Amino acid sequence: MSDPSRRYRILHRTTYDYEVPMTDGYTVAHLLPRATNRQRIHASHLEITPEPSEYDEFIDLFGNRVVQFGVHRPHSQLVVDAWSEVELFEVPFVESGPPWEEVVQLLSEVTGDTAREVAPFSGSSQFVDLDGFGAELSEIAQVAFWPGRPIVDATAALCSMIFNDFVFDPTATDVSTPLAQVLRERRGVCQDFAHLATGCLRSIGLAGRYVSGYLETEPPTGLPRLVGADLSHAWAAVWTPHAGWVDFDPTNGHLPTERHLSVGWGRDFADVSPVRGVVIGPPSAQSLVVSVDVVPVAP
Amino acid sequence: MSLAFEERDALFEEAVGWNPVLRAALADPNRLREWQHHADRLLVAEGAGHLVHDLPVRADGRGAGIESRPWRLDPLPLVIDTPVFQWLAGAVTERMEALETLLVDLYGPRRSIGERMLPGSEVYSAPGYRMAAVGSVNPIRWLTSYAVDLVRMADGTWKVVQDVTDAPDGLGYTLLDRSVMSRISADLQSQIGVASLSRFADVLRRGLASTTSVASPRTVLVTGGIDHASYIDHSYLAVQLGITLVEGADLVVRQRRVWLRTLDGVEPVDVVYRRLESDTIDPLEVGSVGTAGVPGLLMAVRSGGVVLANAHGAGVIQDPHLAPYWAEAYAGLTGNSLRLEMAPAGLRAGPHISASPLHGDEGVTQGSVVLRMHAVFDGHSISVLPGGTGRVLAPGDDPRRPSACSAKDVWVLGRTLTPFVVSTLPQVDFVSSVPTRAAASLYWMNRYAERTDAMTRTARVISARLEQDPGLAGVDGGGWALRMQEILRWLRRAPQDSSDLPGIDALYDDLARTGDAIAIEIGNLLTEATCVREFLSVTTGRVLERVSRCRTSLQRHVVEVDDLDTLLSDMAALAGLWNESTVRGLAWRIGDIGRGLERSLVLLDALVPGMSVPSANGVRTDTDVLTLEVLLAANESLVAYRRRYRSDVEVAATCSLLITDPSNPRSLAGSLQRIAGHAEAVGWDAGRIIVGGALDALSLEVAEMVPTVRGILDEFSRAVVERWFAAPVAPMVVSGRQL
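Top to bottom, those sequences are chains A and B.
Residue numbers for the first sequence follow the working numbering, beginning at 166 and rising by one.
Residue numbers for the second sequence follow the working numbering, beginning at 1396 and rising by one.
Excised from the complex, chain B in its bound form:
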């Protein structure tokens, strides 16, 4: 329910009332609605919307566990005045230092246990207390990054809801939200002096570098992959930090060091910015869950071969049974008390927490918000982000787990705050070396894109023909319709998938099934693209978002020519971006091999029914002619044909244009030469030789050529995987019991 004017005024009075500019700007309902619309659109374009949240399960089961939901950005910021922020920043700094002190004790001398400042047995029962870290090599720093959730109580005091110390998340979301808000309201922000967040990624990068004594540390951000609830947070932050985003399987431990598998071989890693939780980082550790991590990683840590940030074991601070004891234990160890206190146990969203104005579809309402703040230790001191994310609580929510899926940007009014000064560090990163897994995703992304494109174009040609000339259904006693069905089935790789419907209905049914198949192919394409989001440009992200919307409409409606046209232009944009906006490195070549390979396979699929023509005696039915036309049109070669031959469609000429003409980029010869060129450029002789065999086979009769070349290309695609992506498959845990 929307608020009455007086109520809203009172809320704004409290939230932003002292600042007339802000108040005027935010109290305009039309402007807020406009901002909301804008924010929704921008967030979705960043891939933060359903792009990640609506993906199919991958063949290897990844993508199955996505539990997080897309969130919406509330255009009403949470505004924090300079003195309040300064107080909070001081208190958060103090708290992060205190937790660091506690961790040093808990994994070292354990005075807090020996002197009963906290319940020792609870510490050892806490899953976050990692045995591998107890009494092991002390890290230079336990907490490089730290996040804390705070609520402002009805009496105006701030309380801690939870400390986040294991793999603090949300900084990427915060920066993403700010980039959206800056697009919407940059003028207002500069008018009232909102503190900038732009250098904070540099502070974190310096902090990560300070965790090791290595001079120019090679750093990676390790994520759980696209099915990790915070994947967008991870991938956005990796881009901001300029460090490589990797999954557990990209890393391997050898000789007490960690190595990144790349297309060029393995490269050593010095710092792992760990966004995988402690209990999944190394499946060999006692009490670890699943096999997502890197086997042996903790041995490398123990031997000093790599540093984890935050250090392994830092998550014990988050244990709900222990959290109430930290302040007391800290006082016991140091004699100091903490300014920020824990919120009362069992606190729920409601009248105890101060209300903030919220904006949604119903206009302005009010509710509770939990503020997440971020702090980073940069090797010398702690910096607190002058901003954060406010997460809206649904009534009755535990503030540790907001359920409203609505976030607010946090504006610290801080013209007077000292800006961060960060010197540029000598940084060695992996711009040239793409993780093997990412290269595999680029390769598959291109294969799916090419298949999507071919199915769409063919379905579009057939649908348009039918629309223009419904009489086609009756040609050759339905022979044309049957031939078209056959082509569609081959393209969606289901040649046996025949329809039981009578007559022309069967063709419409096949078109509908092809629409479903296109939607599935797009889903695969989006999944792979999401895995390599950080290698793709922002523009590519926007195009993918549009493709994703096409997928939704294909799933919901019958196949419309207009839908297919939209999709085709988006796919063309994607192909253009791939060719024009991608660095031509090894990864691009491998990806482009995928494109050329799939284009060849698609054409072979279409040639099976398309060319089943008695070419020898020249006797052709109307269906044969029309089929050749469709084949040419579907391969964007009809215009070329007309210009070149200025005649009716002939089998021999069609063969030449689609199969052997190397100057046609859509021909088999053209695609295969493209692949061969890449194989040669990357020095992959074995691959070049296989493709050479396929090129030689093009001179065979069509009926013989198709299965021969298909066989060779199957061999080639196996060789690609073996040569470039031979990655270990899922690890298994083995163990015996005691009798």
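Next up, chain A with everything else stripped away, as it sits in the complex:
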């Protein structure tokens, strides 16, 4: 018997370096993890260097915690450290659920809060273009979603299919790679696969959302844990009538997601990009380094 819960300390460090000092910088961060039914947030805060001139924290439409801050003096480096301590509970066992077509039918009729909850995750969004690629996405989805297959089983099959048929390749894509290229080249990173998975779900009438968070990576047996080797990660979730949102990780072929710590979710990457900003200053070379450390700690 494992413990009913595990606790992690997370440090997510984002460092921007500018060759020439920037006079002004505005940043929006989705870095503070939200509470969910399987994670409790014991502590979380940002440490920003240089000290921001203004700071604002609010909850967005999806319930995510958003921080917006401004540094209004010359700076050639910006470091954002997000510290969190999160207690993660076991993923409850998820039943296979009803045939997926029944879910599609239900979604087309559902009203009230559920209708409002699933609406954002049912159509096209900036990175999930159903108008352009709906047919192609639905063709991929059909392979896993055969007639009468229970929703969770079919989603698990889609998850493994993407894991098996697409190559993880950080050199193949960048932050704004459209689905078109991922579909054509069959390679990408977690962000692309999460978009692909949500797109497949939405293309056949299901609701799929993009989840941003962390994955605890196990060091190879006998080797020490490498600081900063963990990743800012992204996966997907499908809406089911019997179990609500069910997370799955197409990049690793996982359903359920045992070692996944959620930060937030949205329609796609744009809604929850960890750090996004605008800097004002002379033209300058800039570099961005991100390191993530997820360390198990004693409860």
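The hints are simulated quantities; they were obtained by calculation from the structure and are not laboratory data.
The structure presented is a predicted model; accordingly, all values stated were derived computationally and were not measured.
FRET-style restraints, in silico, Cβ to Cβ:
no.	chain 1	residue 1	chain 2	residue 2	range
1	B	G1898	A	S452	56 to 64 angstroms
2	B	E2075	A	W248	53 to 61 angstroms
3	B	S1611	A	F254	52 to 60 angstroms
All residues carry an ideal CB built from backbone N, CA and C; glycine is no exception.
Given chain A, work out where chain B should sit, using these hints.
Same frame as chain A, but now just chain B:
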């Protein structure tokens, strides 16, 4: 093709037939032609013609994206009878209220989504549905202004082509068109009782003020700048409203408030009359495009530090996928139906739309027109403009995107309509504080004007000399011609730009190149002037229009003395207006520093080749004498010289008159003292000290003085930019991805 008489009669019968005065007035082809000519001229004078549409790309890339084309005003108005207008006004009011109700729901309780009155997933996919506005602080009002495009179908019913709710445009154009039409046909208008539009800007101003609880709100109109397709609309309206026209870079967010950068520092802004589209207003927002807006603006909105009008997110109404559902959703929410229905999908200009008489170069023809109407919520009720703009559709046009570039004034016959009564609001505006960017444009405008003037005058003097005395080409074995070429090159700042042509042809070639350089300089001048159009008088606008025409002729022809003379008198008019018709505030002083600085630099440029004279031993060639004369003439100092010295041109005396004589406003000493005076007046000690250094250096030998003073002035011009215009450069978006 022009219409036959019978056809035209039938059209007029339908359009204006019941009104004999109007019918008689409009059916006269000669009068219409005269009106057309008049309208074309007036519209161009307002800067609505090619002044904005034919500008060069600015150094920072602005001005590159102008896609709109100049439009022409069709002197045949679209006439709307009182009862028809009253019906339309009622229906437009009802529709604006309905859209307001829908927006309140879409960004608040979202019953329309929960109860499936419209497709929820389409709402979230619509780029106009702004996440930052969902569940955020509700604005006092979503729609302060509203525009709607309507067509009259062949069966006589009016249908909605599109609602414009994000940053409704066209009110400025409508007021501009009316001001032109009133110049042309004021008598006819008063004879038949055309409803006046004159107080509508006041209604809008009151509406903008009502969006905030601040008592005397400071309001700005934010535009995308001269490369925004509706820039003329924005700048004309800003003048009518009496509010400051600003670009995104003029505003900065600090401590959850919005501030306007001005020459005097920053000033708080309470209401932003937003003419930038939602997806460009704040580059930090999810789904925003480009970096034109104000970073952090939506945070200020969320914190209640500023209000946007229309509210952020109002543009979702324009989404073409959702538009067909609004009526049904409104019925679902309120049980009410709308009098105005949407036009059938895919409607194109043609027989389904009723025909109107049109006027153009071929006389009277007929075609479809789409009517844009404007409504404003003033804090209590909705007012509908008794007028509007009719845009002519080319055959087959989607009525949402007319391509004919021809507009009609809309005459509502409304003697009986209640006029707008607007109380004067306590208004705090920025008359005294000029946005930094505008001041920079005034400064550069003056520098370009001065350079244009100097190049033109020099080219004119040389061309005229050559014309009078072709023998000059042979003086000193072509030495004179070479010297003149050198002066021209220095003035156009291309001293290395030598011609390969033999003999005198090289000088003509240089004159032609100088003509091209003048055209480029005028282009720069016009671009800057257009950016600050609202600070310049109407007369200045007319002069700029003439300058613009000179530019076109310089681009097309060889340089003619007559062309240069015309340009010189226009430039003199511009300088006169700058001196005589501009309020002597801080901005004027900064602009005038630009003029004095460029005049000094121009003179230094001309002195390099002009004074390369062996002054010590007094041995002078004919070329030397003639060059000094040209130099004096080009600086409008030859007459002064003759009066003062009554002798042949001498080097020492020329030096004195052009360099050290402070009583000559064209001398270096005169120009530098002018700059120093401005620096002192605005309390800019650092600037005054730099210029003082330049004044001291004037006593040096010419050969040493020129590079010394030029170096000091280069330092000074950098100091001007740093002290007065240190504005942020283009923002960059930074972001990382997830692996």
